[in-house]
Amino acid sequence: MINLVWIVPLFPLLGFLINGLGRNSLPKTIVSFVGCLAVFASFAVSMGIFIELISEETKSFTIPVFDWISAGNISIPFSFLVDPLSSLMLLIITGIGFLIHVYSTGYMHHDAGFAKFFSYLNLFIFFMLLLVLGSNYVVMFIGWEGVGLCSYLLIGFWFSNSSYASAAKKAFVMNRIGDLGFLIAVFLIFNTFNSVEFSSVFPQASNMISGDSALILITALLFVGAIGKSAQIPLFTWLPDAMAGPTPVSALIHAATMVTAGIYMIARSNILFTLAPETLGIVAIIGLATLFLAAAIALTQTDIKKVLAYSTVSQLGYMFLGLGVGAYNGAFFHVITHAFFKALLFLGAGSVIHAMSDEQDMRNMGGLKKRLPVTYLTMMIGTIAIAGLPPFSGFFSKDEILAHVYENNKIFWLVALIGAMFTAFYMFRMMFLTFNGKFRGTTEQERHLHESPGSMTIPLIVLAILSALGGFIGIPAVFGGSHWLAGFLAPVFEASASKTSHLALDHTTEYIIMAVSVGLAILAMLYAYNRYVKQAHIPADENTGRTGLARLSYNKFFIDEIYDSLIVRPLNVLSGLFFRVIDKAGIDGIVNGFGKGALEASKTLRLLQSGMVGFYIFMMVAGILALLVYSMYKI
Amino acid sequence: MEILLLQIFIPLIAALIILLSGKSIAKSLSGIFSLVPLLITIYLYVNFIPDASTQFLVDIPWIPQFGIHFKAGVDGISLLLLILTNLLISIIILSSFKHDIKNLNAFYALIFFMQSGLLLVFTALDGFLFYIGWEIALIPVYFICALWGAENRIKVNLKFFIYTIAGSLFMLLAIVYLHLQTPGNSYDLLEFYKLDLDNVTQSWIFWAFFLAFAIKMPVFPFHTWQPDTYTEAPTAGTMLLSGIMLKMGIYGVIRWLIPVAPIGFNYWGETALILSVVGIIYASIIAFTQNDIKRLIAYSSIAHVGLISAGIFVWNLQGLQGAMIQMLNHGINVVGMFFIADILIRRMNTRDMNQMGGIAKPTPLLACTFLVVLLGTVALPLTNGFVGEFLLLIGIYNHGIWLAIASGLTIIFGAVYMLSMYQKVMLGPVHSSTAVINDLDGTEKAVLFVISILVIFIGIYPQPILNISEAAVVNLLEQVNQKILVK
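In order, the protein sequences belong to chains P and A.
By the numbering used here, the letter at position 423 of the first sequence is numbered 423, and the numbering carries on one by one without gaps.
By the numbering used here, the letter at position 165 of the second sequence is numbered 165, and the numbering carries on one by one without gaps.
Everything labelled a hint here was simulated from the structure, so no lab data went into it.
Some hints here could point you the wrong way.
Quick look at which bits of chain P chain A covers, simulated, 3 or more residues with Cβ under 8 Å [unchecked claim]: (1) 150-161; (2) 430-437; (3) 566-580; (4) 585-596.
Quick list of in silico lysine-lysine cross-link-like pairs, BS3-like style, CA-CA up to 27 Å [stated by the list, open to error]: (5) A:159 with P:596; (6) P:534 with P:369; (7) P:306 with P:370; (8) A:194 with A:483; (9) P:584 with A:159; (10) P:438 with P:534; (11) A:23 with A:102; (12) A:159 with A:102; (13) A:445 with A:23; (14) P:499 with P:306; (15) A:155 with P:596; (16) A:102 with A:155; (17) P:603 with A:159; (18) P:584 with P:596; (19) A:361 with A:445; (20) A:445 with A:102; (21) A:361 with P:28; (22) A:155 with P:603; (23) A:445 with A:98; (24) P:369 with P:59; (25) A:155 with P:584.
The following residues of chain P were derived to be distant from chain A, with all beta-carbon distances above 12 Å [unchecked claim]: (26) 23; (27) 30; (28) 59; (29) 63; (30) 67; (31) 83; (32) 112; (33) 380; (34) 600.
Just so you know, even glycine gets a beta-carbon here, dropped at the ideal spot from N, CA and C.
Given only the sequences and the hints, what does the whole structure look like? Please build it.
Here you go:
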């Protein structure tokens, strides 16, 4: 089965081609069937590979497909790598991908671009699979940019809306800034190791000394790539805007899979980062700053999808913080659990939006608990999971990260803890505003309120079960567990493990850390309950002036405005300056000057041909005389 | 009959026949004739032995008293350019079928006339022959642009013509000078290669050639004729200029400039490299705020050609191989881009993108093929542009990381101006004038499908193309590097 891994991306590619080419002729039922089946078939094969890998002795298989580019000493094969890390990613991508495809058959049912949507979604799955399956950095880069393209297409899916189209462009461009870093890193890797294959780079790297300058530069540049793709400071502002895309897209691409590619890449390259502690320090700080900033913005947002978007940015920050303190396993654990509960929350939000006739502002919701019971219950499970309350999945993964952070740096831990408290608050705030209290929408909306169809609620239920129980794949020793996930992933992090210190907290400390974070989350929840249920507080409307921190948070710390005035506008001014002053007046002026000079010169010369015979004779005689004088001089 | 002579002269014969034929069959006749040189090139490709040697050689004394020979041959570098020329001429002719062309016999005859000149340039191994080809290629395109262009065509074209003629005069001087230095007063390129000129002379030779080639490509700051000319020229003229003709300059650098004046290159190559990189950034930034769709593509072409030029002046295998494949890719993509611009302009009667918008809704096929060509242009992986840019950038990186980062900005900037263009033209709300636009039909479909397939196919499977030129490039590199080392 492992040797057939190339089939995994092939299915969604075929799905893309069938639905793409037949988008005008195929009926919706066939489109749904093809789209979902393509991903389900990949999931089935991935499951087979996963089961086989568990029973195998060796845990890493490279499967060549064909030679792609070679020029001189550079040779880049198109080949795949199957190991515990990629096999788990396969399951997440195809598993959650399948659920979201099923959900989309309901959610997008009335959309005119139904077939186009499914073909894009399949294409995304294809590229995402390339990203995680590539056995070298260049194939990873193909997937990396390919998912960026699909993200562009899907954010701008409803492109008739200019601001949606702009959001799509913004996402692509910001990703490309990161991609340049990635690309230069690839060149540097090639120069340093003479190869871009993981199987050749990592063993060589593990023999290098910690703090090697080439490694620091490589990892720093790779991290630039990760910043773009995984929406960290300073390149995070595209992700909230990306909510312009249909909600299943937000769930699949902008929560569960693509945005975690940066974490996957660093986990994949863990040995390089372990030997570059300076870079890891930066990773931790950026992660910490991002998780805090994004959580602070999420506190006051009123658009249900924006809350979740900033929450995603913030959770990604936790993952980077985990990577930064060397908790590779914890970070990846959080990738998995986050994929479950954040996909669930987005799909739940989609269900709400669907029921509310495309309303996204929570100020116009309220009291939906009774009308959308399945959505409510499943989303509540997701909320508890993300808030980090035991025994749901988020608790285990977040706790693993926090414990490592605590051991590494107490101040980081404190900030991360406040972030966790914010998380619990904004999530329960979102739940209460949406589902509790009285309905605040129009009567028109109220009449249409309905629970979503089975195609949408069944994925919600499956994801809710995973969000609830998903943490059990990594029960730590402190609860008498064996942490299956850490054991399974051990070969991937083996080289790094021997170079980093292990968690040495005693169980009492660990219990206290957990108790503190759980306690704070419960406090935040109670505060939200008091404010939004008991006092039935509703956030003020757009026009009401906000002051101080609330104003900063509500306006996203004005970061978009800052970028606009610091980068976008100066570049446009520069463009006009180059065009009008340097190009037209400057360079072209000189060129035309040459032309004018020639013209003037010929005007003067023309005067010599006056047509007066006497003048000609005079000139002839003068010329002969001059020649005579000249030749005499010579002699 | 030598096959290479057929390759070069069949277009000339085609030009004559079309000139004499009836108006009604001129289009279809041109379409058929354009395939003949392409078929011959395919024959050459099939019979080509992928090593560094010059094949299909012809060497006929032409004007023996001046040492002028009709000497031409094909190695991997030439072959790739023959493929480029003959493939694109077919596409360009097909793409012109939608136009009502006045005096169309002359129009197509000029295209074929030019094709002969181009083929001569890419195969000539004699300095005089090269120069003849160089000018033969220029004159027809001048007339195409001057007779079938837009309002300002006369003024703009005169500038283009004088500018490039001025450049090529310096080249002519250099060629004649070299000719006089050879022992047997020959124009043979191999004799030029053997010359052992001193450093100062080589510097002069370098600049004389560089000026001609830099204007043709064009390299910053010799580019100001280009946006105006591309904008005013009829679409076929713009395609000929940007798709094929500018490659004469790039080819000239590879075949003539650097091998003939290696020491001059050693002194001045860095300057040329920096000019190229400056051009990438400069032209990209200008492209940000252009509203004329043709002018935007023109500036983007300056940026992309700057990258190719930089890849050559770093003078290593990756850079050169990247330049070789990117010449083909750039040709395909820029012809695609200008064709799309042409389709839009014909339907909208304006080049101003602010008056477009929302066109993707009524034209899904155009939207899709436009996107594919655009992705090739911005070098997305698995499109042709990525293979070229990847090799070019790694070549530049091997020269210096900062230059690579500066050149790499094209990855970001390209996305900015290309996606802005796509957004302005295709996305956003449909308005009254764009709602009724027709999607691609007949030949438009054919052209854009062929181009889209090429963009993706080369992106997925570039190796056959890289293999064509690799041996010749390696050979050239060694030859030049040895000369530099000896000094």
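Hints versus structure:
Coverage of the stretch 150-161 of chain P by chain A holds. Counting CB-CB distances below 8 Å, 5 residues qualify, and the rule asks for three or more. With 0 residues carrying a beta carbon less than 8 Å from a beta carbon of chain A, the stretch 430-437 of chain P misses the three-residue requirement, and the given coverage is violated. As drawn, the stretch 566-580 of chain P meets chain A at 7 residues by the rule of a beta-carbon pair under 8 Å; at three or more, the given contact holds. A stretch counts as covered by a chain when three or more of its residues have a beta carbon under 8 Å from one of that chain; for the stretch 585-596 of chain P and chain A the count is 5, and the coverage holds.
Between residue 159 of chain A and residue 596 of chain P the CA atoms are separated by roughly 11 Å; this keeps the pair inside 27 Å, and the hint holds. Of the pairs offered as hints, the one joining residue 534 of chain P and residue 369 of chain P holds, with about 16 Å between alpha carbons and a cut-off of 27 Å not exceeded. With a C-alpha separation of about 24 Å, the suggested pair residue 306 of chain P and residue 370 of chain P falls inside the 27 Å cut-off, and the hint holds. Straight-line distance between C-alpha atoms of residue 194 of chain A and residue 483 of chain A comes to about 10 Å, which keeps the hinted pair within the 27 Å bound.
Only pairs whose Cα atoms come within 27 Å are accepted, and residue 584 of chain P paired with residue 159 of chain A is accepted, the gap being roughly 14 Å. Distance restraint check for residue 438 of chain P and residue 534 of chain P: the Cα-Cα separation of roughly 12 Å lies within the 27 Å cut-off, and the hinted pair is therefore satisfied. For the suggested pair residue 23 of chain A and residue 102 of chain A, the alpha carbons sit about 10 Å apart, so the restraint of at most 27 Å is met. Taken as a hint, the residue 159 of chain A and residue 102 of chain A pair is honoured in the structure, with Cα atoms around 24 Å apart against an allowance of 27 Å.
Between residue 445 of chain A and residue 23 of chain A the alpha-carbon distance is near 25 Å, which keeps this suggested pair within the 27 Å criterion. Between the alpha carbons of residue 499 of chain P and residue 306 of chain P the distance comes to roughly 40 Å, so the proposed pair goes past 27 Å and is violated. For the hint pairing residue 155 of chain A with residue 596 of chain P, the CA-to-CA distance comes to about 13 Å; that is within 27 Å, so the pair holds. At roughly 21 Å between alpha-carbon atoms, residue 102 of chain A and residue 155 of chain A fall within 27 Å of each other, so this suggested pair holds.
Of the pairs offered as hints, the one joining residue 603 of chain P and residue 159 of chain A holds, with about 19 Å between alpha carbons and a cut-off of 27 Å not exceeded. Pair hint residue 584 of chain P plus residue 596 of chain P holds up; C-alpha atoms about 16 Å apart against a cutoff of 27 Å. Annotation: proposed proximity of residue 361 of chain A to residue 445 of chain A holds, straight-line Cα distance about 17 Å (limit 27 Å). A C-alpha spacing of about 24 Å is found between residue 445 of chain A and residue 102 of chain A, which places the hinted pair at or below 27 Å, so the restraint holds.
Between the alpha carbons of residue 361 of chain A and residue 28 of chain P the distance comes to roughly 20 Å, so the proposed pair stays at or under 27 Å and holds. The straight-line distance between the Cα atoms of residue 155 of chain A and residue 603 of chain P is roughly 19 Å, inside the 27 Å bound, and the hint therefore holds. The hinted pair formed by residue 445 of chain A and residue 98 of chain A meets the criterion: a straight-line CA distance of about 11 Å does not exceed 27 Å. Proximity of residue 369 of chain P to residue 59 of chain P is assessed by CA-CA distance (about 47 Å); at most 27 Å being required, the pair is judged violated.
Between residue 155 of chain A and residue 584 of chain P the alpha-carbon distance is near 15 Å, which keeps this suggested pair within the 27 Å criterion. With a least beta-carbon separation of about 8 Å from chain A, residue 23 of chain P fails to lie farther than 12 Å from that chain, contradicting its non-interface assignment. Look at residue 30 of chain P: its CB is around 19 Å from the nearest CB on chain A, clear of 12 Å, so calling it non-interface holds up. Even its closest Cβ contact with chain A, about 28 Å, leaves residue 59 of chain P beyond 12 Å, as expected for a residue assigned away from the interface.
Distance check for residue 63 of chain P against chain A: the nearest CB is about 18 Å away, which clears 12 Å, and the non-interface claim stands. Residue-level check failed: residue 67 of chain P sits 6 Å from the nearest beta carbon of chain A, not beyond 12 Å. Non-interface status of residue 83 of chain P relative to chain A is upheld: no Cβ of that chain comes within 12 Å, the nearest being about 23 Å off. With a closest Cβ-Cβ approach of about 10 Å to chain A, residue 112 of chain P is found to fall inside the 12 Å limit, against its non-interface label.
Every C-beta of chain A lies more than 12 Å from that of residue 380 of chain P, the closest at about 38 Å, which supports listing it as non-interface. Non-interface call for residue 600 of chain P relative to chain A: holds, since the shortest CB-CB distance, roughly 15 Å, exceeds 12 Å.
The earlier numbered hints that this structure contradicts are 2, 14, 24, 26, 30 and 32.
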